[in-house]
Structures are given as C-alpha cells and as structure tokens.
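2 protein chains.
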Amino acid sequence: MKRVSKDNPLPLYYQLKEILQEMIENNILEAGDPIPTERELSEMHSISRMTVRKAIMDLVNEGLVYREQGRGTFVADTESKLKYQLSKLKGFTQIMKEKGLKTKTKILYFELKEATKKVRNHLKMPNDKNKVIEVNRLRIVEEEPFAIETVWIPYDLCPNMSQEMLENNSFYSILENEYGYNLDYAKQTIEPRILTEYESDLLTVEESALALLFRRTTYLKNGRVIEYTKAVYRSDKYKHEVILNY
Amino acid sequence: MKRVSKDNPLPLYYQLKEILQEMIENNILEAGDPIPTERELSEMHSISRMTVRKAIMDLVNEGLVYREQGRGTFVADTESKLKYQLSKLKGFTQIMKEKGLKTKTKILYFELKEATKKVRNHLKMPNDKNKVIEVNRLRIVEEEPFAIETVWIPYDLCPNMSQEMLENNSFYSILENEYGYNLDYAKQTIEPRILTEYESDLLTVEESALALLFRRTTYLKNGRVIEYTKAVYRSDKYKHEVILNY
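As you go down the protein sequences, you meet chains A and V in turn.
Note that the UniProt record's numbering has the first sequence beginning at 1, numbered continuously upward.
Note that the UniProt record's numbering has the second sequence beginning at 1, numbered continuously upward.
Simulated from the structure, these hints should not be mistaken for laboratory data.
Yeah, the Cβ is synthetic: ideal placement off N, Cα and C, and Gly gets one too.
Treat the hints loosely; a few may be bogus.
Derived coverage of chain V by chain A (criterion: at least 3 residues anywhere in the stretch with Cβ under 8 Å from a Cβ of chain A; other residues may be distant) [stated by the list, open to error]:
1. 25-37
2. 60-66
3. 96-106
4. 134-147
5. 158-169
6. 236-243
DSBU-like, lysine-lysine: derived pairs with alpha carbons at most 30 Å apart [to be verified]:
7. Lys88/A - Lys221/V
8. Lys237/A - Lys106/V
9. Lys124/V - Lys237/V
10. Lys230/A - Lys187/V
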C-alpha cells in the first residue's frame, strides 16, 4: 500500500481516501473484501484514528465501502446493482416483466377520502370534485420488497375502483380496459431521500438508508390528470437507468 | 390542531407526524412557516419530547420540513424547486440554456493519467491503450454551484484535447466540430448519495447533504465509448425531471 505523506499539501485523510480508492478501482481490494481496520490503517500510516475515520466516512458516503456492525468495513459491489430502465410510461409490473423478474404487490391500504389542497393541485381537480382514492402499495421483486408507492386517483374519474380490482390487475391496464381511458404522458421527478423508520422496516433495509423518491403526474389524452404518485425505491440493490439518444 | 390519542392504535409519534403533515398539505402551515417548537408540541399533546423529536425527524427525512441551527424548524418549499429535464443526450450548457439559465464551468483539474481497471472497463478501452484524460469540473448555474463532474476520456480518441479547449467550449461540440465524431447514445444511472465534506464545501451546501449521483457512459456511432462521467448534483434547489410518453 502507498503511504500518506506529511510533505504532501493535501490533507492526510484525503490522501488516505485516495490510496484506498485507487486500490478499489484497481481491484486490489475487490467487492466483498474487508478493508484494513481503523487501527491497522492508523499504525501503517502513522496517523490518528480520527483521520482514518474521516477517510473511511468519505468512502462510505461515496458508496465505495459499507460498514457491518461488529464485523468491519467492506468493499461495496457497485457494478452489479440491477438496473431498471425508465424512458417510456410503463407500469411497474411491465417494467420488471421485461427484465424477466417476478413481481408481487401488497396493498397496505385503500381509502376514499377528501383531497388535501396539495393533492387537489397535483391532480388539477375540478372545483366541484373533492374525493380521491388513496392507495398505498408495497412492490415486491423476486420475493424482496422494492418500493413503497402512494397513489392518489380522482374519484370522479374512477368511480367504481376497488381494492380487489387493483389486487389482480395493473392500474394502467384497468384504466384502459375497464374505463376506456387513453394514457398520454407522465411527468416524473427524482429526488434523493432518507428512509423513515416505517419505510425502512417495510423495505427491510437498515434505518436511515438512502432511497430515491419518484413523484409522477400522469395525464390522459383528454387532458385530465389520472394519478399523482409518490414512491420511494430502495437504492441498495437497484439502480435507475435511462438511455439518452442524441 | 388535532390531538394525538392514546386510544388510537397507531404510535403517538406517527399520529403527530400525520397531523403536522396534513396541516402542511392543506397549507395551514405554508412554505417558510416555522412549525411549533418541540416544547410546545410536547405540552399541547401531553407527550414526551422524544416522541415529538421522532415525528419531526420523520418529517425532516421526508423533506417536508427543514431545521435551521439555533432558529427552529420550518416548512420546506417542495413545490418550487427548479426542474431540469433530461430525456435527450445533451450537454449541461445546452440543457440550462434552453431553460434560460446562465451557466459557468470551472475546471478544477485536467490530467493525463493511466486508467484504473474500473475506468478501463467503463470506457471499454482497447488492450494496447491505457491513457485517459481525467477532468474535474464545477458546474455553476446563475452564479450558484450546481454539480461536480468527473469525466474520463480515452486519450487515443482525443489526442490533442487541452484544458483551454474545454474552458471555452462544450465537450460535445468539441467532439463533433474538432474531432468529427458522431454521438450515438448514452446510458445513465441515477443513485442517491450523501455529499462528502469536500463536495459540500464546493457546492456550498450543509455537510452530509443529500445529492443525486449520475453515471453516464456515452457511445459514438462507431461503437467506441467516448466518455465515462460521474457527477454529483445538489438536490436542495433542483429536481431532476423526465417526461415519459406512452
């Protein structure tokens, strides 16, 4: 291993971080390998444990290594995360099916309620309508929890929608086949999020894990908004991928 | 304000969170408004400060409120974040120009170096080539730091590339106009990240702030990979948006 140098103008923690990063980038330390302990690194480079900790913290934040309580720190497998693509408006079931993955959906609740002001705005609801269906679903891929979705649907557009219908069919196919609607497009935003305790329990990931938050507003050909969806996706095993054409 | 109830089977912190969330959703508490203090909430609902703290922590994690050291907790402005769209392969300058925003780029370093194994793999470099150009750039929008990008370019494809060329022109236009390359498409992945101290300093955001990490591999029409880019985007003022067509 290269050594940090007090003659180098870069901070010591930063030098150590770069040394470890280069070892990972060159597969000298491979995915799953333990990295040397704080004590070993501190002795090897004659630097304080604080300095070592700062270097490792940066590597953790950059996702290059991960800690396991009581076991140590290991090189992360950044290359083999499964990618799911999103460039067309497709339902969850269809996207995963195209990748050959088995999915399940668990409806956590299905409620008819008064829309809050923000939900009304997102759904661009007519003034005389105020009822929305709020559905909370846990999405499961290959027997593992994958995302938690909350979707709001204007009740006047889907008057007879029931939990049973959603349990057995994809929402988009119900819209087309039961209600005869034509989907047009969706606007989707992506933000980073930290999971709440409730969410991390449902997704069976560690508390305060990082996630992606997707918000989607979907339009029908007739101009009405048919859904507003907020979904948190776990990010430890999946990567969101887009193909950009020139 | 509604009150939490010990007769309700939902945990007290969760009830409080839902009450505050509903007030935010209905604009009773508006963006920028302070929410009641921990002490006020604890007295009002006859619950412990710990319980109040847990409810507020969840709201912070969900991005609905934010804390300011020594000042209190305020309702976040989730609606007015600027959106930048990405569905075509375009350079940063072009995307922002189309939104009417002024951009600047600061080159932090420009180096010719040996590729690490991982970079070689990403760039799918021929066996007899090993040199890459590594460029680190700070992207600035309307005088505010916006993203930090590191791009690796196979040296054999851009033998005379210099820092000066990149300072005055977009990379993609250099590829087309100076080298005569035809861009084909890019694969881009998106992951959530926590900023390192170095990154948060450069982006002038609080330490450990959340960010989006984009990795992009861009292909030429001749099949060669022309760039591998890793970029961290601040997420406090911008949202990444995609339009999905059916």
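Hint check results:
1. Coverage of the segment 25-37 of chain V by chain A holds [criterion: at least 3 residues with CB-CB distance below 8 Å; count 3].
2. Interface restraint, the segment 60-66 of chain V with chain A: holds (3 residues with C-beta to C-beta distance below 8 Å; minimum three).
3. Check result for the segment 96-106 of chain V against chain A: violated, 0 residues qualifying (beta carbon to beta carbon below 8 Å, three or more required).
4. Coverage of the segment 134-147 of chain V by chain A is violated in this model, with 0 residues showing a Cβ closer than 8 Å to a Cβ of that chain against a need of three.
5. Check result for the segment 158-169 of chain V against chain A: violated, 0 residues qualifying (beta carbon to beta carbon below 8 Å, three or more required).
6. For a cut-off of 8 Å, the count of residues in the segment 236-243 of chain V with a CB near a CB of chain A stands at 5, and the three-residue condition holds.
7. Straight-line distance between C-alpha atoms of Lys88/A and Lys221/V comes to about 23 Å, which keeps the hinted pair within the 30 Å bound.
8. Restraint check for Lys237/A and Lys106/V: the C-alpha separation of about 34 Å exceeds 30 Å, so the hint is violated.
9. With a C-alpha separation of about 35 Å, the suggested pair Lys124/V and Lys237/V falls outside the 30 Å cut-off, and the hint is violated.
10. Proposed proximity of Lys230/A and Lys187/V is supported: the alpha carbons are some 25 Å apart, at most 30 Å.
Violated hints for the displayed structure, listed by number in ascending order: 3, 4, 5, 8, 9.
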